[in-house]
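K.L.:
Construct all of the structure, not just a fragment, from the sequences and the given hints.
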Amino acid sequence: MGELLTIDNISVDYGAIRALKSVSMHVNEGDIVCLIGANGAGKSTLLKSIVGLVPLSEGEIKYKGELISSVKHKVSTDNIAKRGIALVPEGRRVFADMTVEENLDMGAFLVKDPAVIAKRKKEMYEFFPILEARKKQKTRSLSGGEQQMMAIARALMSAPTLLLLDEPGLGLAPLIVQEIFRKITLINKENNLTVFLVEQNARMALKNSTEGYVMENGNIVLEAPSKDLLVNEKVKRAYLGS
Amino acid sequence: MSFFLLILIYTGIYALMAIGQNLITGYGGMLSLCQAGFYGIGAYATAILTVTFGWNFWATLPVAIGLSALFGLLIGLPTLRLNGDYLAIATLGFGEIVRNVLNNWVSLTNGPMGIQRIPMVEIFGFQINPYRKVAFAILVWVFVVALYFIFKRFAKCRLGRALMAISEDEIAAGSMGINVTIYKVVAFMLGASSAGLAGSFFAVYSLSVTPGSFQFMTSVLVLCMVVLGGMGNFKACILGAFIIQFISYLPQLLGVTNLVPAQAKQVFFGLILVVMMVWRPQGILGREKFTYVKKSAKGIQEG
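Here the protein sequences line up with chains A and B, keeping their order.
So the first sequence is numbered by the working numbering: it starts at 1 and just counts up by one.
So the second sequence is numbered by the working numbering: it starts at 1 and just counts up by one.
Honestly, the hints are just simulated from the structure, not real lab data.
One or more of the hints may lead you astray.
Unchecked claim - Simulated pairs of lysine-lysine, BS3-like, Cα-Cα distance not exceeding 27 Å:
#, chain 1, residue 1, chain 2, residue 2
1, A, Lys136, B, Lys156
2, A, Lys122, B, Lys156
3, A, Lys122, B, Lys289
4, B, Lys289, A, Lys135
5, B, Lys156, A, Lys119
6, A, Lys138, B, Lys152
7, A, Lys82, B, Lys156
8, A, Lys136, B, Lys152
P.N.:
Okay, here's the thing in C-alpha cells:
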C-alpha cells in the first residue's frame with residue numbers, strides 16, 4: 001500500500017489570517033482517512049487546497065508522487081479531477097435544476113464513451129436504489145440525504161482513485177448519516193477506493209475509518225489509527241463528549 | 001409593406017446578436033452587457049475595410065467575426081472571473097469604451113461623422129441594396145437560420161453541458177473536470193462573434209455607420225430579447241427579437257409618432273421586463289431541454 005496523497009508542510013492564508021499552519025499528512029492507498037475538528041479549524045480549507053481551490057503560501061501537495069500544488073506551481077481544479085481526485089463539496093453543491101440522471105451524466109463529463117457512462121449509471125442506481133426511483137426528478141426536490149447520496153454518486157461517476165468528502169453528514173438526521181457512512185465503507189471495500197473525509201461528527205467518522213487526524217486552529221494535533229483515537233482520552237473529552 | 005420588411009431586417013440583425021447573447025447568458029449564466037460593443041466592432045470592421053481599403057463585403061465578414069471574437073477573448077480573460085453584477089458592470093464599461101474609441105479615433109473611424117457610402121452587397125453580380133428589401137431580408141434571415149442551427153449544435157454538445165453546469169455551480173463544475181475558464185471564454189467569444197456578424201449586416205444595410213448606433217441601450221435591448229423569449233432557448237430569443245422590434249416600431253406603425261415620445265418605448269420595455277420577472281421568469285417559451293447522453297444509452301439497453 002503506497003502513499004497516494006502527501007501533504008507536506010502546507011500553509012494557507014486568507015488575507016492576514018493563517019488558516020492552515022504547516023500542516024503535514026498523508027493518505028495511503030485503500031484507506032479511509034478522516035480528519036476531525038471543530039468549526040473553523042481549517043478542515044474544509046485543507047480539502048480545498050488539495051483540489052486547487054485555494055492557493056498555498058507554503059509547502060507542497062503531491063498525488064501519486066507528482067506535484068499537484070505548491071507556492072509556485074498549481075494544477076487547476078479540472079486537471080486535478082482528470083488525474084482521478086473527485087470531490088464531494090461541502091453543502092453538496094448539486095446541480096439543483098438538473099434531474100438526478102443529468103447530474104450523474106455531468107459527473108461523467110470526462111468520460112467520452114456513452115457505453116461506459118450507461119454502465120456506471122446502472123452501477124450507481126444499484127448502489128443507491130433511491131436515486132433510480134428519483135432519476136427523472138429535479139435534484140432540488142430531493143431530501144438532504146438523497147442529495148448527499150446523489151453528490152457521492154456523481155463524484156463516483158468519474159471512477160476516481162481518491163474520493164474527497166467534505167462533511168458528508170452535515171445537516172442530516174443521524175440515521176441518514178449512518179446510512180451514508182455505511183455506503184462509504186462499502187465503496188471503499190468493494191472498489192478499493194481510497195477515501196479522505198472531513199467531518200465534524202467525530203464518532204461517526206472515526207468508527208468508519210482506518211486512519212484519523214485531529215485538527216485544531218489550523219494545526220494537526222493528533223494522528224493515529226482511528227480505533228486508537230476513539231479511546232484516546234483527549235479526543236474523548238473534546239470531540240466524543242464522554 | 002416596405003415598413004414591415006424594414007422591421008423584419010432589423011429583427012434579423014438583432015436576432016443574430018440575441019442568439020449570441022443567449023449562449024452567453026442563457027447557457028453560461030454570464031450577465032454580459034456589451035453586445036453593442038461587438039456589434040460596433042463588426043460594423044466598423046466592414047465599413048473601414050470596404051470604404052477605406054476597397055475590400056469586398058464578403059471578405060470583410062470573416063474579419064468582422066474574427067475581430068469581435070478576438071476582442072471577446074481579450075475582454076473575457078480578465079473579466080470572466082467576475083460574477084453577476086460585477087461582470088455586468090465590467091462588460092458595460094467595455095461597451096462604452098468601444099463607443100468612445102469609435103467616437104474619438106478620428107483618423108480611422110472619422111469620429112462622430114461616421115463612415116458614409118459603404119458599398120452595397122453583391123451576390124453573383126446581383127446587387128442586394130437596401131432598396132431591394134425582400135432580397136436583403138432573405139439574405140439576413142439565411143444567416144439567422146444558419147447561426148441558429150450552428151449555435152444550437154454548440155449548445156447540444158459538450159460546450160452546452162459544461163456551460164449549464166458552470167451556470168449552476170462553478171465549484172462543482174470544476175470538480176467534475178470541467179475547465180471553467182476555457183468554456184466561459186469560448187462561449188463569450190462565440191457570443192461576441194455573432195454580434196460582429198450582425199454589425200457587418202447593419203453596416204451594409206444602413207450604408208453608413210456612426211458611433212451613435214452602438215449605444216448601451218442596444219445591449220440592453222438584446223438582453224431583453226433573450227429574457228423575454230426565454231433564456232436557454234434559441235427559438236425563444238428570435239421570438240423575443242421579433243416582439244421587441246415590433247414594439248419599438250409600434251408608434252410608427254400606428255402613425256402616432258407625434259403623440260408618443262420616442263423614449264416611451266424604453267418605459268414600456270422596462271414594464272414588460274418587470275411583468276415577466278413576476279409572472280413568468282422563465283420567459284415566454286422557457287428553457288429548452290436537451291437530452292445529452294440518453295440516446296446512446298438507450299441503444300445499449302436495446303443492443
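K.L.:
Holds or violated: Lys156 of chain B with Lys119 of chain A, Cα cutoff 27 Å?
P.N.:
At roughly 22 Å apart (the allowed maximum being 27 Å), Lys119 of chain A and Lys156 of chain B satisfy the hint.
K.L.:
Would you mind confirming whether the straight-line C-alpha gap from Lys122 of chain A to Lys156 of chain B stays at or under 27 Å?
P.N.:
holds, 24 Å
K.L.:
So if I understand the rule, the pair passes when the alpha-carbon distance is 27 Å or less; does Lys136 of chain A with Lys152 of chain B pass?
P.N.:
holds, 24 Å
K.L.:
What's the verdict on Lys289 of chain B and Lys135 of chain A, does the C-alpha distance respect the 27 Å limit or exceed it?
P.N.:
holds, 16 Å
K.L.:
Under the criterion that the straight-line Cα-Cα distance not exceed 27 Å, is the pair Lys138 of chain A, Lys152 of chain B satisfied?
P.N.:
With Cα atoms ~23 Å apart, Lys138 of chain A and Lys152 of chain B stay inside 27 Å; holds.
K.L.:
Below or equal to 27 Å on CA atoms is what counts here, so check Lys136 of chain A against Lys156 of chain B.
P.N.:
holds, 19 Å
K.L.:
Assess, step by step, whether the Cα of Lys122 of chain A is no farther than 27 Å from the Cα of Lys289 of chain B, and give holds or violated.
P.N.:
Given pair Lys122 of chain A, Lys289 of chain B holds - Cα atoms ~23 Å apart, limit 27 Å.
K.L.:
For a C-alpha distance cap of 27 Å, please report whether Lys82 of chain A and Lys156 of chain B respect it.
P.N.:
Cα-Cα ~23 Å, so holds.
Going through the hint list in order, the structure satisfies each hint without exception.
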